[in-house]
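Just so you know, the protein sequences line up as chains A and B, in that order.
So that you can map any letter, position 152 of the first sequence is 151 in numbering that gives the first Met the number 0, and since no number is skipped, the others follow by simple counting.
So that you can map any letter, position 58 of the second sequence is 57 in numbering that gives the first Met the number 0, and since no number is skipped, the others follow by simple counting.
A few of these clues could be false.
[What the hints assert, rightly or not] In the DSSO-like style, the derived pairs of lysine-lysine whose C-alpha atoms are separated by at most 30 Å in a straight line are:
#	chain 1	residue 1	chain 2	residue 2
1	A	LYS81	B	LYS75
2	B	LYS42	A	LYS3
3	B	LYS73	A	LYS45
4	A	LYS313	B	LYS12
5	B	LYS119	A	LYS370
6	B	LYS115	A	LYS383
7	A	LYS370	B	LYS4
8	B	LYS73	A	LYS370
9	A	LYS257	A	LYS232
10	A	LYS374	B	LYS73
11	A	LYS190	B	LYS90
12	B	LYS75	A	LYS299
13	A	LYS299	B	LYS90
14	B	LYS90	A	LYS383
15	B	LYS73	A	LYS98
16	A	LYS373	B	LYS119
17	A	LYS3	B	LYS12
18	B	LYS42	A	LYS299
19	A	LYS313	B	LYS90
20	A	LYS366	B	LYS90
21	A	LYS88	B	LYS4
22	B	LYS75	A	LYS117
23	B	LYS14	A	LYS383
24	B	LYS14	A	LYS313
25	A	LYS374	B	LYS90
26	B	LYS115	A	LYS277
27	B	LYS12	A	LYS208
28	A	LYS170	B	LYS14
29	A	LYS3	B	LYS4
30	B	LYS14	A	LYS370
31	A	LYS62	A	LYS366
32	B	LYS115	A	LYS313
33	A	LYS335	B	LYS90
34	A	LYS370	B	LYS115
35	A	LYS18	B	LYS119
36	B	LYS73	A	LYS366
37	B	LYS12	A	LYS277
38	A	LYS370	B	LYS75
Calculated from the structure, these hints are not laboratory results.
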Amino acid sequence: MRFKRVYLDNGASTNVDPKVLEVMLPYFTEKYANASSGHTFAQESKNALENSRKIIAKSINAKTDEIIFTSGGTEANNLALKGIAFQNKDKGNHIITTKIDHSCVLESCKWLESQGFKVTYLDVDEEGFVNPTDLKKAITDKTIIVSIIHGNNEIGIIQDLETLGKICREKGVLFHTDACQSYTKTEIDVKKQNVDLMTLNSHKIHGPKGVGALYIKDGIKITPWQHGGGHEKGLRAGTENIHGIVGFAEAVKIANKKHVEHMIELRDKLINGALEIKGSRLNGPRGNKRLCNNVNLSFKGVEGEALGGYLDSKNICSSTGSACSTRSLEPSHVLKAIGLSNEEANGSVRLTLSRFNTEEEIDYVLKVLPKFVKKLRGFSAIWKG
Amino acid sequence: MEYSKRVFEHFQKPKFAGELKDADAVGEEGNIKCGDVMKMYIKVENNVIKDIRFKTYGCIAAIAASDTLCELAKGKTLEEAEKLTYADIIKEIEELPAIKIHCSVLGIAALRNAIKNYRKSN
Ligand SMILES: Cc1ncc(COP(=O)(O)O)c(C=O)c1O
Ligand SMILES: [Zn+2]
């Protein structure tokens, strides 16, 4: 085998950049003080924490004290939705999200429904776009927050935050976005894009797992969910994960435009090559409305988990939206939302890139992928090629 | 999804995948829930399954379990083949994730349908 592993599941998680790890290490063994302690030694931890906060704030054009560190994207999304909902329950009980948001947003919304809140799940078009007119129409005088995923983890669609945020501003409704997938991969500017709350995380950008952040615009009040020692302005108690946070900030510092351009090149090579296979389709949009690292394909007559299994046998890591690969036995809710039939959704594979992938790896994938599609179609019960 | 080594072996190199051109009967079964589809082709001589193939639109478990079932059914009488169960498959491939049981029994149902269809036309 030419490669030990071709890792194309960066949408799920990424390798920690060795440079990130290097910066983290001293915080395990040398600079380990609790940032809340009073002694001089703790100052190092406190400085690292606040410096990291500054880096992350600057990267999205926020102020330093508008950033709250969390244990990841899931916690930040939970805090944003539940925190805003309960803070504003006297003003209204209506929440708006989309049918293609991440499960941690959708499940938070479902739980809020059980607590008496009403949720509207907006449709998207066949590429995954939220129609701004739909949003405008969905907002009522009871609406307290709109939460729309920025870059979609499955089909890569990037929403027009600026337009959607402007609608929310005009209607006096808070606007939250989950930017876990888009962070460092496309422009983010919370001021320009009219964002009130934004979820970020570290492990999709070559930082460590278990670290994330929630941007909360100055002046917005939120009900905390984790109570304790008053950390993070009392909004998120718990001793700060300094080594993780330092790594997160370093990952942000390293990420740059060149990486994005590299990923776009590989992405388009992979898409163009894969679409030469007959009976294939690209799920999600093409061009600059698509995350630079996302490829999602369906092959007629081919079941996604089986295709992923064959790729795995060649040490290529992918993921699938197939029903058979999930606990619920439901095909991907995102692929269904953009209008795919069950069969098309079950036949999907997602290949997500990082800056560490190479052109040779893509050549290799494009060599084996058509063979496996052909092999599966050779004994497919539904392929009539 | 975690699969045993035996499952992966059958999945990677299925011996009975494909169509049986001169099959005497075909049986089909679909799983509406997850969307898997299974077809079993049998060739029968003197009440014995002489040859067998499967075609599927199915996951790793569906492919591995059907291939195993074919291996077990080949050379058996129709009555014996009819009685093959999920437990017989598991004996061969060690284990399957609990959630995959529904995919693994598709082959059994398709085989029973094939036998039923054979009897109808003979
Ligand atoms: C869009 C999106 N939101 C939220 C999450 C959850 O983040 P975390 O794994 O840090 O909890 C992920 C990734 O798993 C994601 O892709
Ligand atoms: Zn299955």
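Each hint, compared with the structure:
no.	hint	in the structure
1	A/LYS81 with B/LYS75	violated, 61 Å
2	B/LYS42 with A/LYS3	violated, 43 Å
3	B/LYS73 with A/LYS45	violated, 71 Å
4	A/LYS313 with B/LYS12	holds, 13 Å
5	B/LYS119 with A/LYS370	violated, 39 Å
6	B/LYS115 with A/LYS383	holds, 25 Å
7	A/LYS370 with B/LYS4	holds, 23 Å
8	B/LYS73 with A/LYS370	holds, 29 Å
9	A/LYS257 with A/LYS232	violated, 36 Å
10	A/LYS374 with B/LYS73	holds, 23 Å
11	A/LYS190 with B/LYS90	violated, 62 Å
12	B/LYS75 with A/LYS299	violated, 35 Å
13	A/LYS299 with B/LYS90	violated, 33 Å
14	B/LYS90 with A/LYS383	violated, 34 Å
15	B/LYS73 with A/LYS98	violated, 48 Å
16	A/LYS373 with B/LYS119	violated, 34 Å
17	A/LYS3 with B/LYS12	holds, 22 Å
18	B/LYS42 with A/LYS299	holds, 29 Å
19	A/LYS313 with B/LYS90	holds, 28 Å
20	A/LYS366 with B/LYS90	violated, 36 Å
21	A/LYS88 with B/LYS4	violated, 53 Å
22	B/LYS75 with A/LYS117	violated, 60 Å
23	B/LYS14 with A/LYS383	holds, 21 Å
24	B/LYS14 with A/LYS313	holds, 20 Å
25	A/LYS374 with B/LYS90	holds, 27 Å
26	B/LYS115 with A/LYS277	violated, 37 Å
27	B/LYS12 with A/LYS208	violated, 36 Å
28	A/LYS170 with B/LYS14	violated, 63 Å
29	A/LYS3 with B/LYS4	holds, 20 Å
30	B/LYS14 with A/LYS370	holds, 18 Å
31	A/LYS62 with A/LYS366	violated, 48 Å
32	B/LYS115 with A/LYS313	violated, 40 Å
33	A/LYS335 with B/LYS90	violated, 37 Å
34	A/LYS370 with B/LYS115	violated, 36 Å
35	A/LYS18 with B/LYS119	violated, 70 Å
36	B/LYS73 with A/LYS366	violated, 35 Å
37	B/LYS12 with A/LYS277	holds, 24 Å
38	A/LYS370 with B/LYS75	violated, 34 Å
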